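Asks: Sequence:
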Amino acid sequence: MPEAHILLGSAPLWGGGLAVLLLCLEILARAERGIALLSRRNFIAEAWGDQTLAHDPVVGWRLRDHHHSEDGAFTTGDHGVRLTGTGPPSQGGIMIVGDSFTVGPGLADGETWPAHLERRLGRPVINGSCGGYGVDQIVLRAEHLAALYRPAAIVLAVLDHDILRNGFARFGSPKPWFVPDADGLRLEGVPIPQQKSDRRPRGVRRIAGHSYFLQTLFTRFGAKDWWLGSAPFARVHGAAVSSEIACRLMRRVAELRDRLNVPVAVLMLYNAPRLGEEAPDWFSPPVLDAARREGLIVVDSFPPLHALCRDDPDRFAALWLPTSWRTSDATGLARFDYLSDAGSGLIAAMVADALKRNGRPDAVVQNPAAMRTATTSP
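Heads up: the sequence shown begins at 151 in the numbering used here, then just goes up one per residue.
Please keep in mind that the hints were generated in silico from the structure rather than gathered at the bench. In this text, all values refer to a predicted model and were calculated from it rather than measured experimentally. We put the beta carbon where it would ideally sit given N, CA and C, even for glycine. Where hints are given, some of them may not hold.
To be verified - Across the chosen pairs, the derived CB separations fall in these ranges:
#	residue 1	residue 2	range
1	Ala-297	Leu-168	27 to 37 Å
2	Glu-182	Gly-222	48 to 58 Å
3	Ala-429	Ala-204	37 to 47 Å
4	Arg-300	Pro-435	41 to 51 Å
5	Ser-250	Gly-334	23 to 33 Å
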(Lines of atoms letter the chains of each structure in order from A; the text may use other names.)
(Lines give C-alpha, C1' and ligand atoms only; values in the text may rest on other atoms or scores of the structure.)
Protein backbone atom coordinates (compact mmCIF):
# COMPACT_ATOMS: atom_id res chain seq x y z
CA MET A 151 0.00 0.00 0.00
CA PRO A 152 1.89 3.07 -1.23
CA GLU A 153 -0.13 5.44 0.97
CA ALA A 154 0.88 3.57 4.13
CA HIS A 155 4.55 3.61 3.12
CA ILE A 156 4.32 7.35 2.49
CA LEU A 157 2.76 7.96 5.90
CA LEU A 158 5.29 5.76 7.67
CA GLY A 159 8.13 7.35 5.81
CA SER A 160 6.99 10.84 6.75
CA ALA A 161 6.51 10.02 10.46
CA PRO A 162 10.02 11.19 11.43
CA LEU A 163 9.38 14.44 9.56
CA TRP A 164 6.10 14.99 11.39
CA GLY A 165 7.72 14.09 14.71
CA GLY A 166 10.59 16.45 14.13
CA GLY A 167 8.22 19.24 13.15
CA LEU A 168 6.16 18.72 16.30
CA ALA A 169 9.30 18.77 18.45
CA VAL A 170 10.43 22.05 16.88
CA LEU A 171 6.96 23.55 17.39
CA LEU A 172 6.89 22.52 21.06
CA LEU A 173 10.39 23.91 21.56
CA CYS A 174 9.38 27.26 20.06
CA LEU A 175 6.26 27.40 22.23
CA GLU A 176 8.34 26.53 25.30
CA ILE A 177 10.77 29.36 24.52
CA LEU A 178 7.90 31.83 24.13
CA ALA A 179 6.15 30.68 27.32
CA ARG A 180 9.33 30.95 29.38
CA ALA A 181 10.23 34.31 27.89
CA GLU A 182 6.80 35.66 28.81
CA ARG A 183 7.31 34.74 32.47
CA GLY A 184 11.03 35.50 32.63
CA ILE A 185 12.01 31.85 33.20
CA ALA A 186 15.52 30.91 32.07
CA LEU A 187 15.48 28.70 28.98
CA LEU A 188 18.01 26.27 30.49
CA SER A 189 16.28 26.08 33.87
CA ARG A 190 15.80 22.46 34.96
CA ARG A 191 12.81 23.19 37.22
CA ASN A 192 10.07 20.56 37.28
CA PHE A 193 6.91 22.64 37.38
CA ILE A 194 4.70 19.73 38.42
CA ALA A 195 6.94 19.11 41.43
CA GLU A 196 6.76 22.79 42.33
CA ALA A 197 2.97 22.79 42.03
CA TRP A 198 2.84 19.81 44.37
CA GLY A 199 4.81 21.84 46.87
CA ASP A 200 7.80 19.51 47.01
CA GLN A 201 10.04 22.54 46.64
CA THR A 202 8.42 24.97 49.09
CA LEU A 203 6.24 23.14 51.64
CA ALA A 204 7.03 21.40 54.91
CA HIS A 205 4.91 19.22 57.15
CA ASP A 206 3.37 20.92 60.17
CA PRO A 207 1.66 18.90 62.92
CA VAL A 208 -0.66 21.78 63.85
CA VAL A 209 -1.96 23.04 60.50
CA GLY A 210 -0.87 20.28 58.09
CA TRP A 211 1.64 22.20 56.03
CA ARG A 212 3.53 25.49 55.86
CA LEU A 213 6.32 27.02 53.83
CA ARG A 214 9.75 25.49 54.32
CA ASP A 215 12.32 27.24 56.47
CA HIS A 216 15.04 29.16 54.62
CA HIS A 217 13.79 28.42 51.12
CA HIS A 218 15.35 30.39 48.26
CA SER A 219 13.79 30.22 44.81
CA GLU A 220 16.03 29.79 41.80
CA ASP A 221 15.56 33.42 40.73
CA GLY A 222 16.01 34.77 44.26
CA ALA A 223 12.58 36.40 44.29
CA PHE A 224 10.95 34.09 46.85
CA THR A 225 12.63 33.52 50.20
CA THR A 226 11.56 32.31 53.62
CA GLY A 227 13.06 32.50 57.09
CA ASP A 228 12.53 30.71 60.38
CA HIS A 229 9.20 28.93 60.91
CA GLY A 230 8.35 29.15 57.21
CA VAL A 231 7.75 32.91 57.30
CA ARG A 232 7.96 34.59 53.89
CA LEU A 233 10.47 37.40 53.98
CA THR A 234 9.77 40.94 52.84
CA GLY A 235 13.15 41.84 51.37
CA THR A 236 14.33 43.65 54.51
CA GLY A 237 15.82 40.81 56.52
CA PRO A 238 14.40 38.30 58.99
CA PRO A 239 11.34 39.31 61.05
CA SER A 240 11.63 40.07 64.72
CA GLN A 241 9.38 40.08 67.74
CA GLY A 242 7.02 43.00 68.19
CA GLY A 243 6.08 43.39 64.54
CA ILE A 244 2.78 43.07 62.70
CA MET A 245 1.89 39.41 62.16
CA ILE A 246 -0.10 38.49 59.06
CA VAL A 247 -1.52 35.05 58.30
CA GLY A 248 -3.52 34.13 55.21
CA ASP A 249 -3.52 31.86 52.18
CA SER A 250 -1.71 32.11 48.84
CA PHE A 251 -3.23 35.56 48.17
CA THR A 252 -1.09 36.83 51.04
CA VAL A 253 1.94 34.67 50.29
CA GLY A 254 2.08 36.46 46.92
CA PRO A 255 2.82 33.94 44.13
CA GLY A 256 4.42 35.58 41.12
CA LEU A 257 5.72 38.48 43.20
CA ALA A 258 9.16 39.20 44.59
CA ASP A 259 9.57 39.35 48.35
CA GLY A 260 9.27 43.13 48.39
CA GLU A 261 6.15 43.21 46.19
CA THR A 262 3.67 41.29 48.37
CA TRP A 263 1.06 43.30 50.24
CA PRO A 264 2.60 42.45 53.65
CA ALA A 265 5.90 43.88 52.36
CA HIS A 266 4.08 47.03 51.21
CA LEU A 267 2.47 47.28 54.65
CA GLU A 268 5.86 47.01 56.33
CA ARG A 269 7.17 49.98 54.34
CA ARG A 270 4.02 52.03 54.87
CA LEU A 271 3.93 51.58 58.63
CA GLY A 272 7.66 51.42 59.25
CA ARG A 273 7.14 48.33 61.38
CA PRO A 274 8.51 44.80 60.82
CA VAL A 275 6.02 42.36 59.32
CA ILE A 276 5.83 38.61 59.96
CA ASN A 277 4.10 36.95 56.98
CA GLY A 278 3.14 33.47 58.18
CA SER A 279 0.81 32.71 55.27
CA CYS A 280 0.70 29.57 53.14
CA GLY A 281 -1.26 28.48 50.09
CA GLY A 282 -4.36 26.33 50.52
CA TYR A 283 -5.20 27.39 54.06
CA GLY A 284 -8.76 27.48 55.33
CA VAL A 285 -9.90 29.90 58.01
CA ASP A 286 -9.36 27.12 60.54
CA GLN A 287 -5.69 26.79 59.58
CA ILE A 288 -5.22 30.56 59.47
CA VAL A 289 -6.42 30.87 63.06
CA LEU A 290 -4.37 27.92 64.32
CA ARG A 291 -1.25 29.18 62.55
CA ALA A 292 -1.77 32.66 64.02
CA GLU A 293 -2.01 31.22 67.53
CA HIS A 294 1.21 29.27 67.05
CA LEU A 295 3.22 32.14 65.57
CA ALA A 296 1.90 34.64 68.10
CA ALA A 297 3.57 32.64 70.88
CA LEU A 298 6.87 32.86 69.00
CA TYR A 299 6.86 36.46 67.78
CA ARG A 300 4.73 38.31 70.38
CA PRO A 301 3.36 40.67 67.70
CA ALA A 302 2.15 44.23 68.29
CA ALA A 303 -0.80 43.65 65.95
CA ILE A 304 -2.30 40.74 64.00
CA VAL A 305 -4.01 40.67 60.61
CA LEU A 306 -5.89 37.55 59.51
CA ALA A 307 -6.21 37.71 55.71
CA VAL A 308 -9.12 35.57 54.54
CA LEU A 309 -9.89 34.94 50.87
CA ASP A 310 -13.66 34.42 50.85
CA HIS A 311 -13.38 30.83 49.61
CA ASP A 312 -11.05 30.00 52.52
CA ILE A 313 -14.30 29.79 54.48
CA LEU A 314 -15.37 26.74 52.48
CA ARG A 315 -12.04 25.02 53.16
CA ASN A 316 -13.17 24.66 56.78
CA GLY A 317 -15.26 21.78 55.48
CA PHE A 318 -12.30 19.61 54.46
CA ALA A 319 -10.25 17.09 56.41
CA ARG A 320 -7.94 16.82 53.41
CA PHE A 321 -7.28 19.69 51.02
CA GLY A 322 -4.53 18.27 48.85
CA SER A 323 -2.93 17.05 52.10
CA PRO A 324 -4.38 16.16 55.53
CA LYS A 325 -5.45 19.18 57.57
CA PRO A 326 -7.15 19.86 60.90
CA TRP A 327 -10.87 20.61 61.05
CA PHE A 328 -13.38 21.84 63.59
CA VAL A 329 -16.74 20.35 64.54
CA PRO A 330 -19.46 22.62 66.01
CA ASP A 331 -20.71 21.43 69.39
CA ALA A 332 -22.56 22.77 72.42
CA ASP A 333 -19.39 24.36 73.78
CA GLY A 334 -18.47 26.08 70.52
CA LEU A 335 -15.98 24.15 68.42
CA ARG A 336 -14.11 20.87 68.80
CA LEU A 337 -10.78 20.47 67.02
CA GLU A 338 -10.25 17.19 65.16
CA GLY A 339 -7.43 15.59 63.20
CA VAL A 340 -4.47 16.86 65.22
CA PRO A 341 -1.63 16.30 65.43
CA ILE A 342 -1.36 15.88 61.69
CA PRO A 343 0.76 12.76 61.02
CA GLN A 344 3.84 12.98 58.86
CA GLN A 345 3.00 11.60 55.42
CA LYS A 346 5.16 8.65 54.42
CA SER A 347 5.47 9.54 50.79
CA ASP A 348 8.19 9.92 48.24
CA ARG A 349 5.81 11.82 46.02
CA ARG A 350 7.71 12.91 42.94
CA PRO A 351 6.70 13.17 39.31
CA ARG A 352 6.96 9.79 37.63
CA GLY A 353 6.51 8.42 34.15
CA VAL A 354 5.47 11.04 31.60
CA ARG A 355 5.20 13.73 34.29
CA ARG A 356 8.84 13.23 35.27
CA ILE A 357 9.87 14.47 31.81
CA ALA A 358 6.94 16.63 30.71
CA GLY A 359 6.90 18.39 34.08
CA HIS A 360 9.91 20.40 32.90
CA SER A 361 7.73 22.08 30.26
CA TYR A 362 6.33 25.41 31.39
CA PHE A 363 4.33 25.63 28.16
CA LEU A 364 2.45 22.38 28.85
CA GLN A 365 1.80 23.42 32.44
CA THR A 366 0.35 26.72 31.21
CA LEU A 367 -1.65 25.06 28.44
CA PHE A 368 -3.43 22.57 30.71
CA THR A 369 -4.02 25.24 33.35
CA ARG A 370 -5.61 27.63 30.89
CA PHE A 371 -7.94 25.01 29.49
CA GLY A 372 -9.19 23.83 32.87
CA ALA A 373 -7.23 20.56 33.04
CA LYS A 374 -4.70 21.57 35.68
CA ASP A 375 -5.82 18.98 38.24
CA TRP A 376 -5.56 16.17 35.69
CA TRP A 377 -2.15 17.37 34.52
CA LEU A 378 -0.80 17.60 38.05
CA GLY A 379 -2.37 14.34 39.18
CA SER A 380 -3.66 16.26 42.19
CA ALA A 381 -4.19 14.50 45.49
CA PRO A 382 -7.81 13.80 46.47
CA PHE A 383 -9.90 15.96 48.76
CA ALA A 384 -11.94 14.77 51.73
CA ARG A 385 -14.98 16.84 52.69
CA VAL A 386 -16.51 16.59 56.17
CA HIS A 387 -18.86 19.62 56.16
CA GLY A 388 -21.03 21.42 53.64
CA ALA A 389 -20.85 25.14 52.89
CA ALA A 390 -23.36 26.20 55.57
CA VAL A 391 -21.49 24.43 58.38
CA SER A 392 -18.16 25.70 57.04
CA SER A 393 -19.44 29.27 57.24
CA GLU A 394 -20.77 28.67 60.76
CA ILE A 395 -17.36 27.35 61.82
CA ALA A 396 -15.67 30.50 60.49
CA CYS A 397 -18.16 32.61 62.45
CA ARG A 398 -17.47 30.71 65.67
CA LEU A 399 -13.73 30.97 65.09
CA MET A 400 -14.04 34.75 65.50
CA ARG A 401 -14.62 34.12 69.23
CA ARG A 402 -11.35 32.19 69.34
CA VAL A 403 -9.61 35.06 67.54
CA ALA A 404 -11.02 37.53 70.07
CA GLU A 405 -9.65 35.39 72.89
CA LEU A 406 -6.21 35.53 71.25
CA ARG A 407 -6.52 39.32 71.05
CA ASP A 408 -7.43 39.52 74.74
CA ARG A 409 -4.55 37.27 75.81
CA LEU A 410 -1.99 39.32 73.91
CA ASN A 411 -3.72 42.68 74.42
CA VAL A 412 -3.03 43.73 70.81
CA PRO A 413 -5.30 44.91 67.98
CA VAL A 414 -6.48 42.15 65.63
CA ALA A 415 -7.91 42.79 62.16
CA VAL A 416 -9.82 40.44 59.87
CA LEU A 417 -9.26 41.29 56.19
CA MET A 418 -11.63 39.77 53.62
CA LEU A 419 -10.18 39.34 50.11
CA TYR A 420 -11.85 38.27 46.86
CA ASN A 421 -10.91 36.98 43.41
CA ALA A 422 -11.33 39.46 40.56
CA PRO A 423 -14.44 37.85 38.96
CA ARG A 424 -16.30 37.99 42.29
CA LEU A 425 -15.51 41.70 42.55
CA GLY A 426 -17.39 42.19 39.27
CA GLU A 427 -20.58 40.90 40.88
CA GLU A 428 -23.01 43.09 42.80
CA ALA A 429 -22.39 41.39 46.14
CA PRO A 430 -20.07 38.87 47.80
CA ASP A 431 -21.02 35.20 48.02
CA TRP A 432 -23.50 34.49 50.81
CA PHE A 433 -21.01 32.74 53.10
CA SER A 434 -18.60 35.65 53.70
CA PRO A 435 -20.76 38.51 55.13
CA PRO A 436 -21.81 36.48 58.22
CA VAL A 437 -18.14 35.93 59.07
CA LEU A 438 -17.42 39.66 58.97
CA ASP A 439 -20.53 40.30 61.07
CA ALA A 440 -19.26 37.78 63.64
CA ALA A 441 -15.88 39.54 63.68
CA ARG A 442 -17.59 42.87 64.32
CA ARG A 443 -19.62 41.41 67.18
CA GLU A 444 -16.37 40.28 68.80
CA GLY A 445 -14.93 43.77 68.49
CA LEU A 446 -12.31 42.81 65.91
CA ILE A 447 -11.14 45.31 63.31
CA VAL A 448 -12.85 44.46 60.01
CA VAL A 449 -11.41 45.35 56.60
CA ASP A 450 -13.75 44.35 53.78
CA SER A 451 -12.04 44.91 50.43
CA PHE A 452 -15.23 44.27 48.44
CA PRO A 453 -16.84 47.76 48.44
CA PRO A 454 -13.81 49.77 47.23
CA LEU A 455 -12.59 47.14 44.76
CA HIS A 456 -16.09 46.51 43.38
CA ALA A 457 -16.48 50.26 42.82
CA LEU A 458 -13.11 50.41 41.07
CA CYS A 459 -14.05 47.44 38.87
CA ARG A 460 -17.26 49.21 37.87
CA ASP A 461 -15.88 52.71 37.39
CA ASP A 462 -12.34 52.16 36.10
CA PRO A 463 -11.90 48.66 34.57
CA ASP A 464 -8.42 49.39 33.22
CA ARG A 465 -7.09 50.46 36.59
CA PHE A 466 -8.84 47.49 38.20
CA ALA A 467 -7.17 45.09 35.75
CA ALA A 468 -3.76 46.48 36.67
CA LEU A 469 -4.27 45.23 40.23
CA TRP A 470 -3.94 41.59 39.15
CA LEU A 471 -1.47 39.23 37.56
CA PRO A 472 -3.18 37.95 34.39
CA THR A 473 -2.85 34.16 34.31
CA SER A 474 -5.57 33.02 31.92
CA TRP A 475 -6.96 33.80 28.50
CA ARG A 476 -10.38 32.59 29.58
CA THR A 477 -13.19 34.84 30.79
CA SER A 478 -15.65 34.32 33.59
CA ASP A 479 -19.09 33.33 32.32
CA ALA A 480 -20.67 35.25 35.19
CA THR A 481 -18.86 38.57 34.79
CA GLY A 482 -17.16 38.65 31.41
CA LEU A 483 -13.98 39.71 33.20
CA ALA A 484 -10.68 38.18 32.30
CA ARG A 485 -9.79 35.60 34.92
CA PHE A 486 -7.13 36.89 37.30
CA ASP A 487 -5.74 34.81 40.12
CA TYR A 488 -3.34 36.86 42.21
CA LEU A 489 -2.57 40.44 43.14
CA SER A 490 0.03 42.40 41.20
CA ASP A 491 2.53 44.74 42.81
CA ALA A 492 0.03 47.57 42.31
CA GLY A 493 -2.78 45.51 43.81
CA SER A 494 -0.61 44.64 46.78
CA GLY A 495 0.02 48.31 47.41
CA LEU A 496 -3.69 49.06 47.41
CA ILE A 497 -4.53 46.27 49.86
CA ALA A 498 -1.69 47.41 52.13
CA ALA A 499 -3.13 50.94 52.11
CA MET A 500 -6.54 49.62 53.22
CA VAL A 501 -5.02 47.62 56.07
CA ALA A 502 -2.72 50.44 57.17
CA ASP A 503 -5.63 52.87 57.31
CA ALA A 504 -7.76 50.43 59.32
CA LEU A 505 -4.98 49.83 61.85
CA LYS A 506 -4.44 53.57 62.20
CA ARG A 507 -8.13 54.31 62.72
CA ASN A 508 -9.05 51.34 64.91
CA GLY A 509 -5.86 50.02 66.46
CA ARG A 510 -3.46 51.55 68.92
CA PRO A 511 -1.35 53.91 66.81
CA ASP A 512 1.38 54.05 69.45
CA ALA A 513 1.75 50.25 69.27
CA VAL A 514 1.30 49.85 65.53
CA VAL A 515 2.67 52.88 63.73
CA GLN A 516 6.29 53.91 64.04
CA ASN A 517 6.45 55.97 60.85
CA PRO A 518 3.64 58.60 60.69
CA ALA A 519 4.87 59.91 57.34
CA ALA A 520 4.55 56.44 55.83
CA MET A 521 1.04 56.17 57.28
CA ARG A 522 -0.01 59.43 55.63
CA THR A 523 1.22 58.00 52.33
CA ALA A 524 -0.73 54.82 52.93
CA THR A 525 -4.02 56.60 53.53
CA THR A 526 -3.71 58.90 50.53
CA SER A 527 -2.22 56.54 47.94
CA PRO A 528 -4.56 54.72 45.49
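Asks: With reference to the structure, classify each hint as holding or not holding.
Replies: Hints, verified against the model:
Between Ala-297 and Leu-168, the C-beta spacing of about 56 Å breaks the proposed range 27 to 37 Å. At about 20 Å, the CB distance of Glu-182 to Gly-222 disagrees with the hint of 48 to 58 Å. For the hinted restraint 37 to 47 Å between Ala-429 and Ala-204, the CB-CB distance of approximately 38 Å keeps it satisfied. For Arg-300 and Pro-435, the Cβ-Cβ distance of about 32 Å falls outside the hinted range of 41 to 51 Å, so the restraint is violated.
At about 28 Å, the CB distance of Ser-250 to Gly-334 agrees with the hint of 23 to 33 Å.
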